[in-house]
Amino acid sequence: MTESTLEKKPAPRASGAAFILKKAAISALVALVLFSLMIGVRTEAGPQGGLIYWTRFGDLAAIVAAVFGGSIIIELLRQWWGPADKVRVVPPAVQNALSLAGRLLAPALLIFTFLVPVIFYDQRYILDLAILVLTYVMLGWGLNVVVGLAGLLDLGYVAFYAVGAYSYALLATNFGLSFWVCLPLAGILAAFWGVLLGFPVLRLRGDYLAIVTLAFGEIIRLVIINWQSLTGGPNGVSGIPRPTLFGIPLTPGEDGLAARLGIEFSPTHRIVFLFYLILALALLTNWVTIRLRRLPIGRAWEALREDEVACRALGINTTTTKLTAFATGAMFGGFAGAFFATRQGFISPESFTFQESALVLAIVVLGGMGSQLGVALAALAMIGGFELFRGLDQYRMLVFGLAMVLLMIWRPRGLIGHRAPTVYLERSQAISSDLVKEGHG
Amino acid sequence: MSETILSVDRLSMRFGGIVAVNDLSFDAGRRKITALIGPNGAGKTTVFNCITGFYKPSGGSIALTHDDGKTIQLERLNDFRISKQARVARTFQNIRLFPGMTALENLMVAQHNALMRASGLTFLGLIGAPSWRSAEARAIDLARTWLTRIGLLDRADDAAGNLPYGDQRRLEIARAMCTEPALLCLDEPAAGLNARESAALSELLLSIRSEFGTSILLIEHDMSVVMEISDHVVVMDYGVKIAEGTPRSVRDDPKVIAAYLGADEEEAIAVMESGT
Amino acid sequence: MDYFAQQLINGLVLGSIYGLIAIGYTMVYGIVGMINFAHGDIFMIGGFIALISFLVLVSLGLTAIPLVLFVVLLVSMAITALYGWTVERIAYRPLRHSFRLAPMLSAIGMSFVLTNFSQIAQGARVKPVPPIITGGYTLHEGPGGFVVQLSNIQIIVVLATIVLLALFTWLVSRTRLGRDMRACEQDQTMAALLGVDVDRTISMTFVIGAALAAVAGMMYLLYYGLVDFFMGFVAGIKAFTAAVLGGIGSLPGAMLGGLAIGLIETFWSAYFSVEYKDVAAFSILIVVLIFLPTGLLGRPEVEKV
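For the record, the sequence lines run as chains E, F and Y.
The first sequence lines up with residues 2 to 442 when you count with the working numbering.
The second sequence lines up with residues 304 to 579 when you count with the working numbering.
The third sequence lines up with residues 187 to 491 when you count with the working numbering.
Take the hints with a grain of salt, since some may be wrong.
Here are the simulated SDA-like pairs of lysine to any residue, each with C-alpha atoms no more than 20 Å apart in a straight line [as the list claims (entries may be wrong)]:
(1) E:K438 x F:S513
(2) F:K359 x E:K23
(3) F:K387 x E:F355
(4) F:K359 x E:V310
(5) Y:K463 x E:F355
(6) F:K359 x E:F355
(7) E:K23 x Y:H283
(8) E:K23 x Y:G309
(9) F:K387 x E:K23
The set of hints was computed from the structure by calculation and includes no laboratory data.
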């Protein structure tokens with residue numbers, strides 16, 4: 002059905018108060034049935050081991066009432082906002098202003114990021130949060146190579162994060178290797194695992210690929226949990242050495258950085274150092290990705306996402322193209338993992354669950370697949386938003402899940418859906434997301 | 304130097320119990336345009352898929368002889384090597400461009416293997432070595448030349464998926480040519496084109512043959528194109544060859560007329576009327 | 187040999203439960219082409235509702251266990267089906283014709299919602315129930331004193347699975363709804379043009395899938411005697427693995443895959459190591475897909491050029 006026929010169709014008599022009330026009543030009824038047992042009755046293991054239960058009809062009534070009220074509000078908002086299909090015409094002046102703001106956004110964001118430790122020097126909490134956000138920005142950019150550029154769905158990305166973290170943790174605690182030696186090793190090992198995962202999934206498509214990558218992530222996690230002699234099992238690895246500034250530790254001791262510079266030691270130095278370390282790693286990821294996109298390998302990744310058959314007809318080895326995408330993405334995941342290990346000083350399998358993979362994938366998809374800026378914004382929104390709800394405590398994951406659903410419905414193609422060409426003759430113009438394929442892998 | 308670039312010998316392709324191509328033999332001449340025609344379902348695209356490595360033939364051989372006399376058995380190569388090593392390029396019946404990439408990018412992807420070497424398997428390119436920069440500039444020049452040739456220079460930076468149908472067809476041919484093929488296989492290049500566009504296509508194909516010395520093998524239903532540009536025509540029906548020869552001799556062949564009449568009256572009339 | 191026979195029985199029972207969940211995955215995949223990540227959590231919800239309704243009924247003074255179980259089955263199927271319907275309505279229908287990854291992310295979000303909803307509503311602790319169905323048959327008593335046993339609950343699980351499977355096959359192949367479902371699977375636009383109510387058919391698919399998951403949840407509760415809010419994740423992944431192993435989109439494939447995963451897991455635990463049973467299941471999935479990229483009973487994908 003075209004836009005115009007939709008517009009011309011007379012609005013059905015569906016705006017009256019009776020309609021809204023009926024709809025709200027149905028919603029409330031559904032909620033009543035859904036929650037009758039799950040909320041109305043609370044079970045718990047009793048003191049003698051048997052089960053006991055008590056009723057919470059008050060809570061149930063409150064929730065059903067909330068659904069009734071919420072449903073009315075949503076319906077009113079919907080009518081006020083008009084049909085979702087309606088194309089909203091943005092005036093050209095606003096469009097120009099928006100596009101200018103868009104161009105300035107990335108540099109402004111970058112400058113602000115550089116200044117974060119200066120502005121928030123005394124606020125340890127904000128610095129920690131900024132480090133966390135940057136870690137996810139880096140993970141998002143790494144996964145973006147696989148999902149956004151090559152169009153290969155990877156639900157087990159956390160496996161490479163884990164490989165990187167454990168590589169550094171084990172090499173450092175067992176052999177005393179320094180962070181700067183281990184960082185490339187962690188990347189290489191993760192890339193190696195990326196290729197290893199790549200081989201079996203080469204022939205797979207779509208959801209088969211999704212489930213195999215998911216299974217792979219779980220296998221890595223289960224092996225880490227069960228191979229106790231190597232990994233410490235569920236107890237994890239502790240006492241992971243902190244990073245040094247090329248050999249100079251950031252400690253209060255005599256050979257520490259503060260003593261050498263002749264300034265007073267402060268634990269914040271290390272946090273600031275970690276901040277710039279992850280910022281450098283993330284920017285490296287970004288720089289390499291942007292460079293790769295303009296090289297034949299990056300174009301082959303995007304071409305693979307667009308049409309694999311055409312790639313083969315043009316003499317592109319799709320096997321190595323896919324494997325390099327997996328390896329590159331995994332390598333960045335490995336770097337991020339090594340950073341995570343050195344920052345925490347302690348790692349355990351709990352940090353590498355499927356939830357992490359889902360979170361990073363959500364960042365990539367919400368960012369707009371393939372868009373570097375979009376991924377950074379999405380990481381900021383997701384991790385920052387998640388922190389905002391810290392006060393909600395146990396409701397946090399619930400809100401997070403709901404937010405994921407709503408964000409996908411609001412922007413299925415992500416915050417920045419259009420694609421920027423990698424090369425141009427006259428001028429670079431953004432390509433609408435309707436044309437850009439998602440890949441089938 | 305052999306006069307034959309492609310020699311298909313007793314090619315067979317079976318899918319389960321269905322025989323799509325049965326014992327087909329024909330040759331395609333060097334620097335010649337060979338047309339493969341026949342009613343719908345005759346097995347033409349299957350032959351193409353065997354030649355370009357998308358299917359592994361059930362039997363028979365396909366030999367490609369390059370200008371230097373080297374012969375490659377195509378049935379032993381798999382997918383991307385046909386294009387990379389044997390230098391056989393193809394287009395598709397239902398256009399397969401990269402719709403989300405610009406016209407220019409499409410032509411750059413086509414030069415992947417050459418650029419991959421020039422970028423030192425990415426490493427030289429990553430550090431921005433001068434040799435890579437000049438190779439990239441040359442690749443853009445080649446793309447620009449082809450865009451000019453197909454009249455799409457002013458749309459170089461538009462997404463391929465946004466181009467009109469006829470432009471997409473020409474862009475796909477240009478993309479195949481950017482792989483610098485010895486043999487160009489075109490699957491119904493004139494499908495969906497109007498008379499003017501068809502004429503332009505004929506001109507483009509003739510110029511490709513004369514300027515680049517590329518041999519062309521094409522499947523086509525548009526008889527005006529076939530009659531105008533082909534040097535040699537092979538007619539298939541039900542997976543077997545029923546006739547072969549010059550466009551004129553094929554057109555008058557009673558077996559060919561019967562095949563088209565049996566399949567589709569309009570097509571038979573088109574065959575008989577075209578060129579007369 | 188006796189040990190083997192006992193493990194075979196255990197594996198088939200576990201496999202039946204996986205198979206019931208896997209059918210939900212395979213049905214939804216067949217009709218809307220997406221992985222319903224929340225399906226494992228629907229199974230968990232089914233287990234919880236069975237537990238709560240059982241508790242309530244018993245404390246209301248109902249003592250005839252078969253009757254109680256029958257009512258519990260109906261209640262948990264009905265309420266869980268409504269959960270399936272609601273999830274589709276809220277999280278998937280707005281994204282019906284959207285890009286492929288959006289519904290998948292939405293489904294993952296929904297899975298988080300259901301898991302955490304259960305945790306908040308019913309607490310994080312494992313909920314144990316005393317054995318409700320006891321007794322069984324001794325099939326064989328070996329010379330070493332090893333006894334091969336077939337418990338009543340095992341019989342019930344397998345019987346319920348067979349009955350449901352028969353009912354379900356009849357539904358898909360003989361009824362109007364089944365025909366509509368198969369039509370939507372082939373071509374939704376064409377089905378809609380021919381008068382099939384696509385929205386309703388898809389909703390019904392989710393409802394049926396959720397009802398089967400509820401049965402699986404109840405069987406799990408009766409068989410293992412516990413539920414907890416996190417059990418949906420692992421069971422969901424295994425059941426999806428089963429669906430893929432059997433060839434996603436194929437109903438007999440889902441059951442076959444479920445049995446295969448159940449047997450692999452049981453035998454691996456019995457003969458090798460319990461810790462690595464999940465690793466074994468996933469590894470076999472990967473190996474099978476390398477050689478049979480579309481699963482055991484999946485239709486091979488013909489590449490159209």
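task: For the pair we were handed, K23 (chain E) and H283 (chain Y), check the Cα-Cα distance against 20 Å.
output: violated (28 Å)
message: So if I understand the rule, the pair passes when the alpha-carbon distance is 20 Å or less; does K438 (chain E) with S513 (chain F) pass?
response: Outside the cut-off at roughly 37 Å; violated.
- request: Take a quick look at whether K359 (chain F) and K23 (chain E) sit within 20 Å of each other, Cα to Cα.
  value: Violated. K359 (chain F) to K23 (chain E) sits at ~62 Å, over the 20 Å cutoff.
- prompt: Taking 20 Å as the top limit, are the C-alpha atoms of K359 (chain F) and F355 (chain E) close enough?
  reply: violated (40 Å)
Restraint check for K463 (chain Y) with F355 (chain E), where alpha carbons must lie at most 20 Å apart: holds (18 Å)
query: Does the alpha-carbon distance linking K387 (chain F) and K23 (chain E) stay inside the 20 Å limit?
result: violated (66 Å)
- prompt: Are the Cα atoms of K387 (chain F) and F355 (chain E) separated by 20 Å or less?
  reply: Violated. K387 (chain F) to F355 (chain E) sits at ~40 Å, over the 20 Å cutoff.
message: Check whether the Cα positions of K359 (chain F) and V310 (chain E) lie no farther apart than 20 Å.
response: Given that 20 Å is the threshold and the Cα spacing comes to 15 Å, the pair holds.
query: Can the restraint linking K23 (chain E) and G309 (chain Y) be considered satisfied, given a maximum Cα separation of 20 Å?
result: The given pair, whose Cα atoms are some 34 Å apart, is violated under the 20 Å limit.
Violated hints, listed in ascending order, are 1, 2, 3, 6, 7, 8 and 9; each of the other numbered hints is respected by the structure.
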